[in-house]
Amino acid sequence: MPSLSRDDVAHLAMLARIELTDAELDRMLGELSVILDAVAVVQQAPTEGIEPMSHPLPLVNVTRPDEVRPGLTAAQALSGAPEADQQRFSVPRILTDD
Amino acid sequence: MTDLTAQQDVQAGDEVGSTIESAPQAVMSWQETVAAYDPVLGLEVHVELGTATKMFCGCPTAFGAEPNSQVCPVCLGLPGSLPVVNEIGVESAIRIGLALNCTIAPWCRFARKNYFYPDMPKNFQTSQYDEPIAFDGWLDVDLDDGTVYRVLIERAHMEEDTGKSLHVGGATGRIHGAEFSLVDYNRAGIPLIEIVTKPMTGAGERAPEIARAYVTAVRDLLRALGVSDVKMEQGSLRCDANVSLRQRTKKPEAQADVAFGTRTETKNVNSLRSVERAVRYEMTRHAAILAAGGSILQETRHWHEDTGVTTSGREKSDAEDYRYFPEPDLVPIAPTVQLVERLRTTLPEPPAARRRRLQATWGFSDLEMRDVLNAGAVELIEATVAAGGTPAGARKWWSGEIARRANVEGRELADMGVTPLDVAGLDGLVQEGRLNDSMARQVLDGVLAGEGDPRAVADARGLALVSDDGALAAAVDLVLAANPQLVDKIRAGKVQAAGALIGQVMKAMTGQADAAKVRALILDRVAQ
Numbered sequence: 001m002p003s004l005s006r007d008d009v010a011h012l013a014m015l016a017r018i019e020l021t022d023a024e025l026d027r028m029l030g031e032l033s034v035i036l037d038a039v040a041v042v043q044q045a046p047t048e049g050i051e052p053m054s055h056p057l058p059l060v061n062v063t064r065p066d067e068v069r070p071g072l073t074a075a076q077a078l079s080g081a082p083e084a085d086q087q088r089f090s091v092p093r094i095l096t097d098d
Numbered sequence: 001m002t003d004l005t006a007q008q009d010v011q012a013g014d015e016v017g018s019t020i021e022s023a024p025q026a027v028m029s030w031q032e033t034v035a036a037y038d039p040v041l042g043l044e045v046h047v048e049l050g051t052a053t054k055m056f057c058g059c060p061t062a063f064g065a066e067p068n069s070q071v072c073p074v075c076l077g078l079p080g081s082l083p084v085v086n087e088i089g090v091e092s093a094i095r096i097g098l099a100l101n102c103t104i105a106p107w108c109r110f111a112r113k114n115y116f117y118p119d120m121p122k123n124f125q126t127s128q129y130d131e132p133i134a135f136d137g138w139l140d141v142d143l144d145d146g147t148v149y150r151v152l153i154e155r156a157h158m159e160e161d162t163g164k165s166l167h168v169g170g171a172t173g174r175i176h177g178a179e180f181s182l183v184d185y186n187r188a189g190i191p192l193i194e195i196v197t198k199p200m201t202g203a204g205e206r207a208p209e210i211a212r213a214y215v216t217a218v219r220d221l222l223r224a225l226g227v228s229d230v231k232m233e234q235g236s237l238r239c240d241a242n243v244s245l246r247q248r249t250k251k252p253e254a255q256a257d258v259a260f261g262t263r264t265e266t267k268n269v270n271s272l273r274s275v276e277r278a279v280r281y282e283m284t285r286h287a288a289i290l291a292a293g294g295s296i297l298q299e300t301r302h303w304h305e306d307t308g309v310t311t312s313g314r315e316k317s318d319a320e321d322y323r324y325f326p327e328p329d330l331v332p333i334a335p336t337v338q339l340v341e342r343l344r345t346t347l348p349e350p351p352a353a354r355r356r357r358l359q360a361t362w363g364f365s366d367l368e369m370r371d372v373l374n375a376g377a378v379e380l381i382e383a384t385v386a387a388g389g390t391p392a393g394a395r396k397w398w399s400g401e402i403a404r405r406a407n408v409e410g411r412e413l414a415d416m417g418v419t420p421l422d423v424a425g426l427d428g429l430v431q432e433g434r435l436n437d438s439m440a441r442q443v444l445d446g447v448l449a450g451e452g453d454p455r456a457v458a459d460a461r462g463l464a465l466v467s468d469d470g471a472l473a474a475a476v477d478l479v480l481a482a483n484p485q486l487v488d489k490i491r492a493g494k495v496q497a498a499g500a501l502i503g504q505v506m507k508a509m510t511g512q513a514d515a516a517k518v519r520a521l522i523l524d525r526v527a528q
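From first to last, the protein sequence lines stand for chains A and B.
Our numbering applies: residue 1 is where the first sequence begins, and numbers increase by one.
Our numbering applies: residue 1 is where the second sequence begins, and numbers increase by one.
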């Protein structure tokens, strides 16, 4: 099995917006590698000629008619928001990485 | 992450990316650019469907509602909520695919596009990845000179729109200095179809024109399908323009062997004119960098309508960073042959065939029809004729005076504030002999100024041709008596000399006379 590199872990941390110290990076590299190795056992299962499955149910085309259903009021929608302003969800500034 | 900074989200004066590029970038002249380089285009069109509800929940989709008033646990991504696909959303996607001559997938799935960005509260966008519902199509695009460019369609897939972000605070007021982003999720979950072209080659110096013509053709097609209101200014039709340049070869047949250059993706292109201008600008910007020995950074760029330039956005993520995987909460879509064939019967007449039919019905020459198309006036003329206007009159107004004003003001014809009913009314006043052309233009001024419908404006401004034949005849006689030498010329066969006399009569009548009638009167008098 190709093992995980330290750069891979740093990249994943960036995508997940998790800040890791060097020590944490080293620890996660070790732990994630162990997890990957453990899961790698399933790679040995014989899958030749078997269609990959994404859903356990043999269903297709589950749709609903295009009819409006009652939703939440703005007050309800914002009730769980840590911060709100101008009837909008207020979040820390974005685009800093752009 | 579609549409990070749709124009309406960004406050006036914001300059996205301005902290990265503080000075305008160098561009090469257009002539030098197209002489040295061959452009390759790729266009992505996002269209918001005009369904009553969102793609995966029953929330309404009306534009301009109070913030966060059209939301529910599904589109807010609350725990435990489950999406269900909108039937009309799927049918619209299939109809769009069929109209673009695509193959419809017999079986396909939705996929999660994962990213951390607050415009989607789920932390992913439900989209399609390697199994689009429609693929491998084409669209023939009519160009100004009557030639046709065939655009090959890579795919059309279903996804959902994102919320709208408003960036506030910060010392400079610019986005990069913003302290908070305020998010409205009314738009999150609105059905979106993304139409992606294959690389468009062979366009050469016509690339900007072809890009605009393609987006226009897609817009017309979507409008004919009735699947969207296709309003670019409201963001229901959006275009991302991918542009790259490669060295131009001496022999045209060798061009196809040259590898594509690095592309940039320009977003925030919110009008048909902008599509053309943005492609043109990016080509000249790339050319300047390449000619100086530099290399193009693969990145997203933002188009600025006011200044006509693009600025750097974020660097483009690799597709794998989105960690796409099949959406476990939605079962596959498997359109039956019967459904596809039933939907095929609902397709409208293709816009190009329709244009040919209308041209014949209206009796326009090729040149006249081209002017109408260039002005984007087909639908407006059709509506004007339906409202009682004559085809010739409708054409004259829409592709003439109104198009001229729209061009001066840099606006779309349909947004000028004059309706087909107004134009039909204006045409009626001319046809019934009440107004001449210059008076009719004054009435148009009044209609544009919000003074009412054409008849009301004409009444209020007291505009009407003199119908008193006696007064007109008297004015003609006076002018004839004052210009015996011109009268002699006309008698000698120089009929064009009447022009000067008509002008004098019109002046005497302070413009309120029918020039054709004056001309007839003069010739009649002279012949006596």
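I should point out that these hints are in silico values taken from the structure, not numbers from a laboratory.
Incorrect hints may have been included.
Partner residues are not named here, just some residues of chain A that face chain B (Cβ under 10 Å, in silico) [unchecked claim]:
1) E19
2) A23
3) I35
4) D37
5) A77
6) A84
Every residue, glycine too, gets a C-beta built ideally from N, C-alpha and C.
Requested in this report: Please verify that hint: D37(A), Cβ, nearest Cβ of chain B, below 10 Å or not.
Outcome: Status violated, d = 21 Å.
Query - Minimum beta-carbon distance criterion (10 Å), A77(A) to chain B - result: 5 Å, holds
Requested in this report: Identify whether the interface hint at A84(A) stands, where standing means a beta carbon of chain B within less than 10 Å of its own.
Outcome: 8 Å, holds
Query raised in the report: Do the numbers back the hint for E19(A), that is, is its least Cβ distance to chain B under 10 Å?
Result: At about 13 Å, which exceeds the 10 Å cut-off, the nearest Cβ of chain B leaves the hint on E19(A) violated.
Query - Interface hint compliance - A23(A) to chain B, C-beta minimum distance less than 10 Å - result: Status violated, d = 24 Å.
Query raised in the report: How about I35(A): closest beta carbon in chain B under 10 Å, or not?
Result: Violated - the Cβ of I35(A) stays beyond 10 Å from chain B, reaching only about 16 Å at its closest.
Checked against the numbered hints given earlier, the structure breaks hints 1, 2, 3 and 4 and satisfies all the rest.
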